[in-house]
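Asks: Each chain is listed here by its residues.
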Amino acid sequence: MTIIQDRPGPQPGAPHGTLVEEPLTEFVPGPRPRGWVKFITSTDHKQIGLNYMVTAFIGFLTAGLMAEGMRTQLIAPNNHFVTPDIYDQLLTMHGTIMLFVFLGPFAFGLANYIVPLQIGAPDMAFPRFNNLSYWLYLGGFIVMTGGFLTNNGAANFGWFGYAPLTNAIHAPGPGADMWLIGIALTGFSGIFTAVNTITTVFCLRAPGMVMFRMPIFVWNQLVTMFLVLLAFPVLTSALGLLWADRHLNTHFYEPGGGGQPILWQHLFWFFGHPEVYILALPYFGVVTEVIATMSKKPVFGYKGMIGATLSIGGLSMGVWAHHMYTTGAVLLPFFAALSLLIAVPTGIKFFNWIGTMWRGTITLNTAMLFTVGFLAMFLFGGITGVVLAQPPLDFQLHNTYFVVAHFHYVMFGGSVFAVFASIYYWFPKYTGRMLDERLGKLSFALLFIGFNLTFFPQHDLGLRGMSRRIAVYDSNLGYNFLNALSTTGAYITGIGVIPTLINIFKSMRTGAIAGDNPWDGQTLEWATSSPPPDHNFESLPPIRSERPLWDANHPDELTRVGH
Amino acid sequence: MKIEWRTILGASLFLGIICAIYWFWSTEDTGTALLLFGFAAYLMLGGYLLLQWKRRHGIPRSEDKEDATYAETAGEHLGFFPAASIWPAGMGLGGIFVGVAMIFGNWYWVIALPLILGSVIGWSVESEAPEDVPDEVEAARRQDTNIDPADIADTDAPAHP
Amino acid sequence: MSSLSGRLLATNFGSPPGVTVGDKYVRSLWHITYYIGTPLAALVVGLIIWCLVRYRVKPGEEHRVPAQFQYHIPLEVAYTIIPLILVAVIFGFLYGGEDKITNVSKNPAIKITAEGFQWGWRFTYPNGHQEQGTYQAETNINSVANLPVLYMPANETVQIRLISDDVDHGFYIPAFLFQRDMIPGVNNVVDLNVTKTGTYLGECDQLCGVYHSYMRFKVDVMPPSTFNSWMSSQAPHSITNAGVHQ
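Protein chains in written order, with the working numbering: chain A, 99 to 661; chain B, 645 to 805; chain C, 8 to 253.
There's no promise every hint is true.
Cβ-to-Cβ under 8 Å is the rule here; a few derived chain B residues that face chain A [stated by the list, open to error]:
1. Thr651
2. Gly660
3. Ser670
4. Glu672
5. Glu707
6. Phe748
7. Trp751
8. Val754
9. Ile765
10. Gly766
11. Trp767
12. Ser768
Computed beta-carbon distance windows for the label pairs [what the hints assert, rightly or not]:
13. Asn248/C x Gly355/A: 42 to 48 Å
14. Gly355/A x Ser239/C: 54 to 60 Å
15. Val111/C x Thr348/A: 54 to 60 Å
If you are wondering where the hints come from, they were derived from the structure by calculation, not from laboratory data.
Please read all numbers here as calculations on a predicted model, not as lab measurements.
From the three backbone atoms N, C-alpha and C, an ideal C-beta is built for every residue, glycine too.
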């Protein structure tokens with residue numbers, strides 16, 4: 099059933115300025131599939147967005163369980179909870195699933211659901227293509243996790259898969275191939291989503307929604323998608339070469355045949371560093387939206403914020419080799435300079451967030467609490483990032499637990515907290531019902547305490563010289579207490595996810611009715627019903643600033659933006 | 645359109661400069677090739693958008709105009725938004741089986757190929773289904789919709805002085 | 008944790024003291040990062056907490072709409088320029104230190120080849136003598152008795168060539184605050200000048216397969232005279248296997 103979508107709004111007949119004149123056609127929603135058929139065939143961006151987010155959250159729980167397994171292994175020195183081989187599989191799949199199945203695709207889910215709503219579009223530009231990219235993503239998830247069911251187990255060479263540990267001799271069996279193909283499938287899915295989102299943002303904006311009126315979230319998603327467009331093809335081709343090495347006896351990464359293992363590192367990190375920002379930028383956008391809405395203020399320094407996002411995106415493509423300082427084969431000052439420079443736009447963002455809160459009226463609900471948690475944790479992760487960007491300090495700390503602590507502060511304390519903030523912020527829009535605040539605050543408290551207890555001690559472990567990815571450690575080196583502490587924190591973090599899960603299941607049926615606009619929101623997604631109807635909008639407010647709904651709801655002069 | 649192509653060509657230029665600096669400073673091949681790829685990829689995208697902008701004689705679309713109203717674009721044909729389709733799922737399954745064939749052996753092409761080919765056919769036939777397009781739209785589309793730049797008065801002027 | 012706070016108060020700000028000549032560059036970078044990072048973080052956290060405390064909505068004024076302002080150009084320029092300057096300062100400091108640490112001397116006192124393989128080490132001295140050991144000799148992680156040993160003279164430039172037989176390994180000695188990867192196809196040469204004699208623990212820190220955690224070694228830094236007499240007592244092309252008593 100095909101629908102031809104028209105711009106919502108009054109009857110046509112404008113005197114001038116119409117580029118393509120076509121008569122207003124009837125809006126004919128066909129018979130809607132329900133249940134499983136809907137899940138499989140729906141091309142509605144909202145359905146696909148929810149599919150993405152739910153699948154991604156399942157990925158989060160899966161990889162989270164693997165993390166609990168790893169922390170249990172490390173609770174005591176010379177522990178034998180799992181064998182070293184299983185431990186390697188766990189650490190590989192934990193990293194792979196968290197990055198390729200959870201954080202990235204959760205952001206793609208948000209892009210699917212929120213971006214068309216925020217720019218006043220009826221759907222994504224290519225709805226069926228969108229559906230296809232979800233299936234490739236789900237297939238990738240299943241294929242890479244299926245490695246655990248094979249004889250040799252899943253991939254066990256780390257999520258970065260440094261050659262030549264990944265070749266047919268050192269990693270025999272289908273587990274490694276399943277890892278490789280799984281990532282390639284999610285990679286294609288990412289590229290498709292990127293093409294779709296970019297086209298949507300460029301071609302389906304509502305009249306008056308000029309580029310510099312788009313919400314920061316949309317801008318951040320746009321820059322993210324451009325990074326995806328550059329990074330994922332590199333990864334997919336690198337994986338293709340690896341597959342050829344494994345199956346066709348080529349020697350791209352084989353030192354014995356004239357290949358270069360370091361080539362893999364370059365290709366992988368040329369993908370890998372933009373990937374870090376692919377996992378962070380959308381969540382910066384989430385945080386910006388939450389802060390602005392909960393403070394009832396416009397985003398402070400809107401254009402500076404966009405400039406900062408663009409510079410982070412640009413710089414992130416020139417810093418890949420700061421993951422390779424210790425290889426001795428890269429140009430240190432070049433990468434150190436660019437890596438340090440990224441601190442500047444990130445700092446601008448921080449001050450803009452503070453400026454947005456400044457003299458506002460801040461509602462400290464669960465979404466805002468997670469956002470504040472994000473700010474504090476990401477700040478700390480950013481500063482340890484400045485430490486690691488300096489080659490002499492990286493020589494000391496590379497591949498130690500200091501690095502583990504650093505990127506978990508960025509990825510967990512940063513992005514995952516923003517994931518939770520996005521759930522609490524947009525759940526009313528998804529379902530029409532509010533989430534329970536008390537369970538939400540309980541979840542936040544447990545996650546915040548558990549997270550810091552898990553990862554703060556790891557900074558000290560790294561400084562003491564405990565290296566990453568070791569399944570057992572010596573009991574005489576002073577690692578014991580800190581590891582036990584860290585594992586305790588990991589359990590608390592795990593428990594902290596449960597209240598949110600209960601909350602979601604409970605509130606879907608019994609939560610308070612949210613109404614269209616529970617937060618006094620500023621952007622267009624709150625201008626439609628909750629959940630939005632097919633093709634999103636019955637009518638739209640006129641778009642004359644970057645927060646059209648606020649202008650419509652607060653028409654008096656005092657609530658206009660003054661400079 | 646203007647901001648779109650400027651942003652992307654800007655990113656391309658940035659990567660080009662970085663690439664040049666990197667090459668002369670490090671003379672390392674892999675990174676230079678990758679940066680060059682990034683430069684070219686964005687150049688292609690930005691160039692395409694620039695071309696589209698030129699083709700419109702720089703006339704802004706309604707989403708590029710600060711004072712655009714819904715009235716002037718109401719009824720504008722946005723495109724096809726199919727409500728539901730089985731073919732993406734079929735093609736996705738086919739794509740996954742291509743992956744499985746690359747892992748477990750060429751056997752699985754027997755499943756993958758029919759799935760993909762069938763879905764391609766189904767998909768393309770579906771989007772051309774004539775009965776799905778109301779007659780008025782079909783008729784409107786056949787009309788000549790040439791643009792005369794003179795008809796559009798000074799649309800680049802900002803909305804708020 | 009108490010020891011962390013103790014170390015924070017000491018001059019090295021959390022980082023353990025190193026025992027090589029490169030230590031002073033590492034230390035200066037820790038210092039400059041702390042001097043810049045701590046006040047900046049305190050400022051940002053303070054501002055966030057201030058906002059939350061001061062501007063949190065009070066009961067009864069939920070519908071108050073605050074003043075709507077969006078730009079403050081001088082302020083925005085300030086918080087762009089100042090971080091740029093701070094970053095430039097950090098870069099200035101690291102640029103010098105990094106050259107010193109990665110510098111490779113033309114005439115070192117001794118050249119040793121360190122070879123990593125799954126899962127053990129082989130150290131080859133100029134006269135062909137080899138010290139080696141693998142994880143099979145040492146499966147109890149709590150004991151360091153049977154690990155292969157890298158013997159080095161103190162206070163002299165020791166040049167170590169790092170090679171790998173199979174997959175990527177990492178040559179990491181925590182006490183030296185230094186590591187370098189061993190990648191097939193990449194010829195890495197590092198200079199170490201240790202100022203303090205003693206025995207240190209080294210390890211592979213690049214995931215290299217199942218028994219990666221067991222791939223460790225000891226470094227024995229001796230006074231030059233002791234080292235020279237040890238060196239001359241080793242027959243050319245002899246091999247010492249760790250954990251095997253000869």
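Asks: Are the hints correct? Go through all of them and say.
Replies: How the hints compare with the structure:
no., hint, verdict
1, Thr651, "holds, 7 Å"
2, Gly660, "violated, 12 Å"
3, Ser670, "holds, 4 Å"
4, Glu672, "holds, 7 Å"
5, Glu707, "holds, 4 Å"
6, Phe748, "holds, 6 Å"
7, Trp751, "violated, 13 Å"
8, Val754, "violated, 18 Å"
9, Ile765, "violated, 14 Å"
10, Gly766, "violated, 11 Å"
11, Trp767, "holds, 7 Å"
12, Ser768, "violated, 11 Å"
13, Asn248/C x Gly355/A: 42 to 48 Å, "violated, 32 Å"
14, Gly355/A x Ser239/C: 54 to 60 Å, "violated, 42 Å"
15, Val111/C x Thr348/A: 54 to 60 Å, "violated, 34 Å"
Hint compliance for this structure: hints 2, 7, 8, 9, 10, 12, 13, 14 and 15 are not met, and every other hint is.
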